[in-house]
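> Let the sequences and hints guide you as you build the complete structure.
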Amino acid sequence: MWYFAWILGVLMACSFGIINAMWLEFKGYEGEDTQAD
Amino acid sequence: MDYEALRFIWWLLIGVLLIGFVVTDGFDMGVAALLKVLGKSNDERRVMINAIAPHWDGNQVWLITAGGALFAAWPTVYAASFSGFYIALMLTLFALFLRPIGFEYRAKIDSEAWRNRWDWALTAGSAIPALIFGVAFGNLLQGVPFYFDDILRLHYTGSFWALLNPFALLAGVLSLLMILNHGATYLQLKTEAELKARSENLSAVLALVCAAIFVLAGVWLFLAVDGYSVTSLIDTNGANRTTDKTVLISAGAWFSNYAKWPLLWLVPALGVAGFVVCALASKTQRHITAFISSSLAIAMVVLTAGVSMFPFVMPSSSTPAHSLTMWDATASESTLMIMFVVACIFVPLILAYTAWSYFVMRGRLNEQHIRDNSHSLY
Amino acid sequence: MDIVDLSRLQFAFTAMIHFLFVPLTLGLAFLLAIMESVYVMTGKTIYRDMTKFWGKLFGINFALGVTTGIAMEFQFGTNWSYYSHYVGDIFGAPLAIEALMAFFLESTLVGLFFFGWDRLSKEKHLAVTWLMALATNLSALWILVANGWMQHPIGSVFNIDTMRMELTSFSEVIFNPVAQVKFVHTVSAGYVTGAVFVLAISSWYLLKGRDLPFARRSFAIASAFGLASALSVIVLGDESGYELGDVQKVKLAAVEAEWHTHPAPAAFTVFGIPNEQTQTTDYALKIPAVLGLIATRSVTEEVAGLSELKEKHLERIIRGQEAYVLMTQYRAGDKSPATINRFNEVSANLGYGMLLTAYTDDVANATAEHIAQAVEDSIPKVWPLFWSFRIMVACGVLMLVLFAAAFWHSAKRTVDKPRWLLKFALFSLPLPWIASEAGWFVAEYGRQPWAIGEILPTHLAVSQLSVSDIWFSLGAIAVLYTIFVIIEMWLMTKYARLGPSALHTGKYDLESPANVKEA
Chain F
1 MWYFAWILGV LMACSFGIIN AMWLEFKGYE GEDTQAD
Chain Y
1001 MDYEALRFIW WLLIGVLLIG FVVTDGFDMG VAALLKVLGK SNDERRVMIN AIAPHWDGNQ
1061 VWLITAGGAL FAAWPTVYAA SFSGFYIALM LTLFALFLRP IGFEYRAKID SEAWRNRWDW
1121 ALTAGSAIPA LIFGVAFGNL LQGVPFYFDD ILRLHYTGSF WALLNPFALL AGVLSLLMIL
1181 NHGATYLQLK TEAELKARSE NLSAVLALVC AAIFVLAGVW LFLAVDGYSV TSLIDTNGAN
1241 RTTDKTVLIS AGAWFSNYAK WPLLWLVPAL GVAGFVVCAL ASKTQRHITA FISSSLAIAM
1301 VVLTAGVSMF PFVMPSSSTP AHSLTMWDAT ASESTLMIMF VVACIFVPLI LAYTAWSYFV
1361 MRGRLNEQHI RDNSHSLY
Chain G
2001 MDIVDLSRLQ FAFTAMIHFL FVPLTLGLAF LLAIMESVYV MTGKTIYRDM TKFWGKLFGI
2061 NFALGVTTGI AMEFQFGTNW SYYSHYVGDI FGAPLAIEAL MAFFLESTLV GLFFFGWDRL
2121 SKEKHLAVTW LMALATNLSA LWILVANGWM QHPIGSVFNI DTMRMELTSF SEVIFNPVAQ
2181 VKFVHTVSAG YVTGAVFVLA ISSWYLLKGR DLPFARRSFA IASAFGLASA LSVIVLGDES
2241 GYELGDVQKV KLAAVEAEWH THPAPAAFTV FGIPNEQTQT TDYALKIPAV LGLIATRSVT
2301 EEVAGLSELK EKHLERIIRG QEAYVLMTQY RAGDKSPATI NRFNEVSANL GYGMLLTAYT
2361 DDVANATAEH IAQAVEDSIP KVWPLFWSFR IMVACGVLML VLFAAAFWHS AKRTVDKPRW
2421 LLKFALFSLP LPWIASEAGW FVAEYGRQPW AIGEILPTHL AVSQLSVSDI WFSLGAIAVL
2481 YTIFVIIEMW LMTKYARLGP SALHTGKYDL ESPANVKEA
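Chains as they are written, first to last, in my numbering: chain F, 1 to 37; chain Y, 1001 to 1378; chain G, 2001 to 2519.
Any given hint could turn out to be false.
27 Å max Cα-Cα, derived DSS-like pairs, lysine-lysine [as the list claims (entries may be wrong)]:
| hint | chain 1 | residue 1 | chain 2 | residue 2 |
| --- | --- | --- | --- | --- |
| 1 | G | Lys2412 | F | Lys27 |
| 2 | G | Lys2044 | F | Lys27 |
| 3 | G | Lys2507 | G | Lys2122 |
Stretches of chain Y that chain G covers, calculated by requiring three or more beta carbons in the stretch to come under 8 Å of a beta carbon on chain G [said to hold, decoys possible]:
| hint | segment |
| --- | --- |
| 4 | 1146 to 1152 |
| 5 | 1198 to 1212 |
The hints are simulated quantities; they were obtained by calculation from the structure and are not laboratory data.
Since the structure is predicted, the reported quantities are computational estimates derived from the model, not experimental observations.
Using N, Cα and C, we set each Cβ at its ideal position, and we do this for glycine too.
Okay, structure coming up:
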């Protein structure tokens, strides 16, 4: 059932993108003098 | 529900989609075609464009949907009309190409020449399709020359230039003017000051002209255009037998439905009344009434064409027996049923979120607003 | 050129140009939703600016997607009218549903996405963006259901009275396995396209040392989303759909230059020069067993070779010839039970009989040469498929490597990414488009000589137009599209160079008046 695989896949890819951004934000971007707001 | 009922429902639904197209996309085409007429400065033209900016794309999907529904519900009609009117359809297509990019790209470069070109592109892209759709309807009412061969391949024997006959051109002019009028009534709702005043004045005249042309076209149809009628029995519940019928061409045949059901006279009557009310309302600054009556009028014009031709949708002038009707050029019963269910689910949803988007974007626009948001607006 | 060649050329041109814009829309829509989600969750306005800026580029691309999309829907009727009549009962439904279910939603929400920022709450606007992304993907779903049916037509039956295919099972059409793999493969390719686009342009800012916080964050999101997507395009590559139906088998054999059936499991040809004359692949470099594993998911099943497939086609063309003759007799009025029964026995081959109409009008008396020619033409040319498939795969692998490296550096939080990586990302910009076009070519050219696999040959599907009419439309479309694409690329470059400064928020690097003249 490939349609089902797509639903899972796209959710995973999007959360992967969101989590990566949030994680970097949380840890702070190294070398950035000021926090971007 | 039997096959006959489904076929009738699909005749109605195709009508609903076409009316949805002229009523919604009609006003944004009208506004775009009036850019050079009503907009005296760049800011005014930007007010006009931004009045339709959030909606024209959604509106245009009515056309896409009507095309798709024609494909699914009346495949033979879709095949015959699109290939028969080849050059006309291609010109429509080229004009329609200009709209999405015109709206999106016009404000991307700050140059008078650039904007001016896109203004003309938007004007042409909106006026030409309106004109051609009218011409196409004018030709359908007269019948077009085509026949089917033994494996039901369609052969169209007319030329593009034959489409440009006087009656069809009149229908084209009516179509164009009513779209322009419709655009002007929308501008009455969405603009302020001078632009609004100009729109009111335009509608006050244009709506009456539309009413006059509509009546004139009706008289012409009665006096000089032969109609079609099926003289054999059509099995409205059976498989399509598109080429097995006898069809008679006779004067006044397009009025036989009105003779049979006199109540149908209400359809053209409401069309004329709609235009008249629109003119009066524009003059007296009743903007909502003007827009609604204009919508009603153009819906009734489309419906009048449909009702007059019923059950025909594409009569053949050269081989009348091969004319396409809504009984014998449809999809199979199961496809009509599936598509009916789909339409029942999605059309109300579409109406709901479309209404919501108009609600979100409600209110009038003025030039100050354009200047304040110069970089985020069209 | 005759009307068939011209109509094919016009359709191929419009489809391939349309397909320049579609994948980017599919991918960028989800990237916008991701960026805006981070904005809503963290409240950092830089993410709102990212959504708006990449949204501007999305808009420039979307406009041409809409423009070229209208042409696609019209063309089935204008140039392929027999096709529309013959299969409209099945093929029209997904197109209509696409408009009702997806395109309406997408087009309405696009308006709110661009113009609703000040009129909707953060959460509502975010919902609009997500729904817009979902709707673009649902659009793709229905289009690929339609396209999948062309490759592997199931759930339908020929009706001799109405002289067309009619629907028997809509769920079979929707859950058509070929449509499913095609959908997943195509949308994932779209996500990769969006991710490469954002990654390449962000890398350019990083190389230039401009708008660094903006570029780093865009880079991070694109690399994570892109890595997940690139993995899924390759894992869900649609080779898994190639064992289904004759057309797909032919395509697989041509793509892999499998001239003859070999004992299972088949070897995979990495490289070689397909030679049509000798029916062999010169200088072939083969890896044992891999093709059999990929295509059949087993070690015991054979992958059919072209010569064996042609033998089968010969049989079917002869039976199809009989079906065609019986069909003509029936339609001329011979409705005897003998005719009907015999027709029903051979009717599955009617499409193969129709292949003969390309060589003779008198199918009943087609000569042995006609039949031999039809068999020869029943498979597409091998080398274009062999090569475009390999180009697609090579681009795919390169992009996977790119995302792996980009994600690695992003996760390591290396602020100053190595310059080779940034350059690699920048120069990878054309790869997803090359891969998409090559993949599209494999799917559509590989289906020839069929418009609808085993049902309707391409040469019969066209509208009976005049050659001059099609020259006119083809010429006009070529000129218009060229102008549009040039304008689009120019605007895209201009705005990409301008970067987030195009938003005029006053926060970005190029916004001193000396740097910005317009927009």
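> Lys2044/G and Lys27/F: Cα distance at most 27 Å?
holds (15 Å)
> Hinted pair, alpha-carbon criterion (27 Å max): Lys2507/G, Lys2122/G. Please report holds or violated.
holds (21 Å)
> Holds or violated: Lys2412/G with Lys27/F, Cα cutoff 27 Å?
holds (11 Å)
> Are there at least three residues in the segment 1146 to 1152 of chain Y whose beta carbon sits under 8 Å from a beta carbon of chain G?
With 3 residues close enough to chain G, the hint holds.
> The segment 1198 to 1212 of chain Y covered by chain G? Criterion: 3 or more residues, Cβ-Cβ distance below 8 Å.
violated (count 0)
Hint compliance for this structure: hint 5 alone is broken.
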